[in-house]
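Residue strings, one per chain:
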Amino acid sequence: MIGNVLLTLGLAAGVFTMVMYYLTYRGYQNTLSLARVGYHAMTISVVAASALLLHAILTHQYQYKYVYNYSGDDLPVGLLMSTFYAGQEGSLLIWLLFTVIVGLILLEYTSKRGDLEQRVMMVFSLAAAFLLLMVNPLLQSPFTYLWTEPSYIDVKNINQSFLSMPFIQNFLFEDPGGGKTFVKISTEFAGVLKAQGIAFNDFVIQGKGLNPLLQNFWMQIHPPILFVGFAMSTVPFAFAFASIMKNEYKDWVKQAMPWVLSGTMVLGLAIMLGGYWAYGVLGWGGYWGWDPVENASLVPWLIAVASIHTLLVQMKSQKNGPPRFIKTNLILCIMTYVLVLYSTFLTRSGILGDASVHSFVDPGMTVYLLLVIFVLAFTILGFGGVAYRWKHLNETYEYKENVLSRELALFTGAVTLIASGIIVLAGTSAPIFGTSVEIRFYNELNLPIAIIIGLLNGFSLMLKWKSTNGLDIWKSFKGSIIATLVLSAIIIVAGGVYDVMLALLIISSVFTIVINSEIAYRIFKGRVSYVGAYIAHVGIALFLIGSVATGGFTENAQVDLVKGQPSKVLGYDLTFTGFEVNNEGKYAFNIDIERDGSKSTAAPVMYIAEFNNSLMREPDILNKFTKDFYISPISYEDSQSRAGDGHSHGDVVLIKDEPHVYHDSKITFTGFNFPENQMSAMQDGTGFEIGAVIEVDHNGQKYNVEPKMVSKGGERSFVGVEVPEANLKITMSNLDASGKVIVSFSSLDGSSSDHSHQASVKQEILTIEASVKPYINLVWAGVIIMVIGFTVAAFRRSKESLA
Amino acid sequence: MKNKYIFGGFIIVVFLGIMGYLFTQTNISYEENFAEIMKVNKTVKATGEWVKEKSYHIDKEKNLFSFYVRDYNGTEMQVVYKGAIPNNFESATSVVLTGKYSEKGYFHATNILTKCPSKYEETFEEASS
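Read top to bottom, the protein sequences are chains A and B.
Going by the numbering used here, the first sequence opens with residue 1, and the numbers climb by one from there.
Going by the numbering used here, the second sequence opens with residue 804, and the numbers climb by one from there.
The set of hints was computed from the structure by calculation and includes no laboratory data.
All C-beta atoms, glycine included, are put in the ideal place defined by N, C-alpha and C.
Every clue listed holds true.
Examples of chain B residues lying across from chain A (beta carbon under 10 angstroms, computed):
| id | residue |
| --- | --- |
| 1 | K807 |
| 2 | F810 |
| 3 | F813 |
| 4 | F818 |
| 5 | I821 |
| 6 | G823 |
| 7 | N830 |
| 8 | I831 |
| 9 | T846 |
| 10 | K848 |
| 11 | A887 |
| 12 | E893 |
Please put together the full structure from these sequences, using the hints given.
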């Protein structure tokens, strides 16, 4: 109840703030302090509502539908807190929470800069009010009670002692399919409970719990940072619109710059933390899958990065001349926020239901419409404003330019980034039109873009502002260009990068690194605070080289590891040594890894999640300086469970050249017999056969036999062999090209079956997918360096913005 | 003509041109009617229901996972996927398969998205690729 009141008060305060700021802008004298009071009232309401939700989650108040749906009793505190934003309503609330907090800082910032406050904060309050509208009790409040709309909850979540009581019987339902029993929770039922004097919270004692996919460390980090980034993207929009209102386009650039830089930094960091989550924990194998929701946050980031560069040109040019790229800057700053809203729309409207891992469920028509209105309102407001001033802008500002100028190079770079943004956006929006694109759509288009951006980046830094003499460039950057070519050649040859596009990307990235490092080095001796941009550029270039290495040169192999028997996989000796159950009831499969004498262990994890009754897998990674050895578990079987697959209990795995003793025979598998004509038959898809050459040593006599696998029309069958002299029958049941066969032995006269053998042949087989990902550390290092660069630049620009 | 329009325009025109072309090349449409899928030799996203009665088959040698799906008409189709059985597969009520109907008489899936809505419980989705 209180929560809903707070959210409604917040909305009222938000609208009030907006109106008061508008009146101040129109020249009213005493409305500014009212507006500030209004803003603080809104902030307090939102903070209080958030605290209330957090409290409800921590104290397991399952009468709230949101708490029941996403939280549970058995979660550790950190994860329990993260259920705050596990669903639609709560994640809107956390976005709102960060928005109002960012707004407090913005209020402080703008109040010191002339008449900026009323215009900027008016727009900002509008954005906050829209978010408040979304979490309004009439739409999607996280404080809605479980019984507001009738819902069925599993009896396992109910205090069992109430189940036999007579009043409940009318509300029990059987699921015809699953055989589960549910209680229908409705307003009527809540009334009955109340009449019985039972607190709802004593009745429902467990929540549905958090999706196990989300139950890990990164769930506590990635979403909040992403929402801080979303909240901060509101600021450039507010600045741009404020300057349109005043019809004055010079000051806002300088004032917005630190906000654009820090917002872009936070958003970029959040995106890549999501990438690390996917790579390290979810076991997707890579850090980027062009999933529509990943893309949806990437597009605003690309546009924001483009805007940084054109804002910079305007700042430089207006110091001693007419400002450049005014319209571009307005449009890009508006676009950034509009795209954040659009990505919210894509994720939350249910449109991506069939296309994405992240998407929320269909929220219903009202919310869908409101999301559309939210996006449209800010699109129309922003672009309408630019259109309104278009003519004025065209007539007022004119300038000449030179082809070889840094301005033009930066502009071209920004356009290239925008092109990338448009491409990703087009692919991502395809599901709206009932279609979608393959991953290669993104890869093939963004590869040349990355090459161009790298080249333009290095090149633009060789150029001077305004105009440059072509010969000067060569003179002053001879060394760097030669260094680039030599370094790239070394990387390309040593790494065997024979794909033309990848080689070009290497050259362009190395070029970026060399030029930026050189400039950074020169600056570092002088004004350290100016070095930010160059650090960020080196970061992105390292990231690109890392992505070439991992994207183009990852090796994969799927293998069966038999417990206790080493297998050679991608140059590593792997031995599965057994599993153990950890304290969360998950199975960790220990694998010894040996390479060149150095030993280590890895323990990928599998478990059955009760939440959705399905198998969950978590990879483990052996992190080396130059590469990651990545192990994803696939399945685990012991010989008992293999029986159903047609294997008998007497299965023995014969490894090539490793003798096996059975009774008084020594049996050695020496290799496959796979003649060339059979090999080509296999490639043609027609029937073929493979023989396993086995040597049986019986009392000093050697016999060579060859059981066969015959494949015909996709069906496989096995032909066994007999060695009468040794009273031995060998039946083959499987073979593995890596050099082992699975056989079983029996005596010909039936005198001895496998009984004596059974205990010792119990086999445990762990199937894994292993991959070697070269230089993936460059990807992470690149991101960290980029974030450092952004941070340095944001500090510098925030100092300058006061000047 | 200003330089910025020449340079910027060139980049945009070139990339949007390539994009338009690649879009038609890589575009995958949703198709719920298996009879249609079997007719056209084109990559699609097929939505259907796993035929539980026919179980599934895992070929560890070749790393293949195969099963049958049924569409709303009751048309059944065999699916072969190179890779491990996706998480959630057994409890999925419907699957979204990306792939192509092969001449060999089965649907060759490159991606399986499992969906697990139940009448009483909330929908959640998960991909495997």
